[in-house]
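Visitor: Every position in the sequence shown, counted from 1, becomes a number in the numbering used here once 82 is added.
Don't take every hint at face value.
Each computed DSS-like pair below joins lysine-lysine, with the alpha-carbon atoms no more than 30 Å apart [what the hints assert, rightly or not]:
| id | residue 1 | residue 2 |
| --- | --- | --- |
| 1 | 202 | 189 |
| 2 | 194 | 86 |
| 3 | 189 | 86 |
| 4 | 86 | 202 |
Quick caveat, the hints were computed from the structure, so don't treat them as lab data. These numbers were taken from a predicted model, which means no experiment stands behind them.
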Amino acid sequence: MTSKDHLAFAIYWVPIGSTNYNGPARAYNLFHHDQINDAFSLIWNHTFTSTLLNEARANAAGWRWNELIGNSQRPVGLPSDSISVLPIQAFGAVPGSHDGQWTYGYKDVLTKVLSRHTIKAGGDVTRLYDLNDSINAPSYTFFNIWDFLNDAPMAEGGSFNAATGFPTRYATMTGRTCLAYLFRTNGSLPQSHHQCGAALLLLRFAS
83 MTSKDHLAFA
93 IYWVPIGSTN
103 YNGPARAYNL
113 FHHDQINDAF
123 SLIWNHTFTS
133 TLLNEARANA
143 AGWRWNELIG
153 NSQRPVGLPS
163 DSISVLPIQA
173 FGAVPGSHDG
183 QWTYGYKDVL
193 TKVLSRHTIK
203 AGGDVTRLYD
213 LNDSINAPSY
223 TFFNIWDFLN
233 DAPMAEGGSF
243 NAATGFPTRY
253 ATMTGRTCLA
263 YLFRTNGSLP
273 QSHHQCGAAL
283 LLLRFAS
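Make the full structure from the sequences, and use the hints.
Guide: Next comes the structure, spelled out in structure tokens:
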């Protein structure tokens, strides 16, 4: 950038994909899994004087997949059925899952060289997002083929809404934030820290 500014960045991007049968080898059980793992970093160093330097860093990293969108060909609206007296495997498509996680971070540290001492002061903020979308489908067990044709299961299972009777879908997005500040001289280790609730952490570094 300039004689006193240095800017750098890094990108990590790894897509992962697989296709196989999720269940018995039937055409509707063909299952695709597409996942992306990635990370991004940006670093900016600014030199004020020969003894005063500031470093700012921003990071983002995570992974994610959505097996419901990636398998639109699967009849996920059909329940999982099995007939106990017949030597055949259960039939019905497994819905898959929708998950992901992202971590964002920002750090700013000012370094001052004073005589034979090095003084550092700054702060660090980290934010974590975690997505867990649990997709459920009911399952039914029939004693014989006649019970199956008459829609009379001997057992059923799954997660259902008590008010509507529909299968439930649990989607949660959780987030946590950590905030830290530091003051350090001559590379000493941290001496104390302070916990403020479940989501806020304060660290203090001192010589």
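Visitor: A separate judgement is required for each hint: does it hold in the structure or not?
Guide: Results for each hint:
1. 202 <-> 189: Satisfied, since the Cα-Cα distance of roughly 13 Å is no more than 30 Å.
2. 194 <-> 86: At roughly 15 Å apart (the allowed maximum being 30 Å), residue 86 and residue 194 satisfy the hint.
3. 189 <-> 86: 19 Å, holds
4. 86 <-> 202: The given pair, whose Cα atoms are some 19 Å apart, holds under the 30 Å limit.
When each numbered hint is compared with the structure, no violation occurs for any of them.
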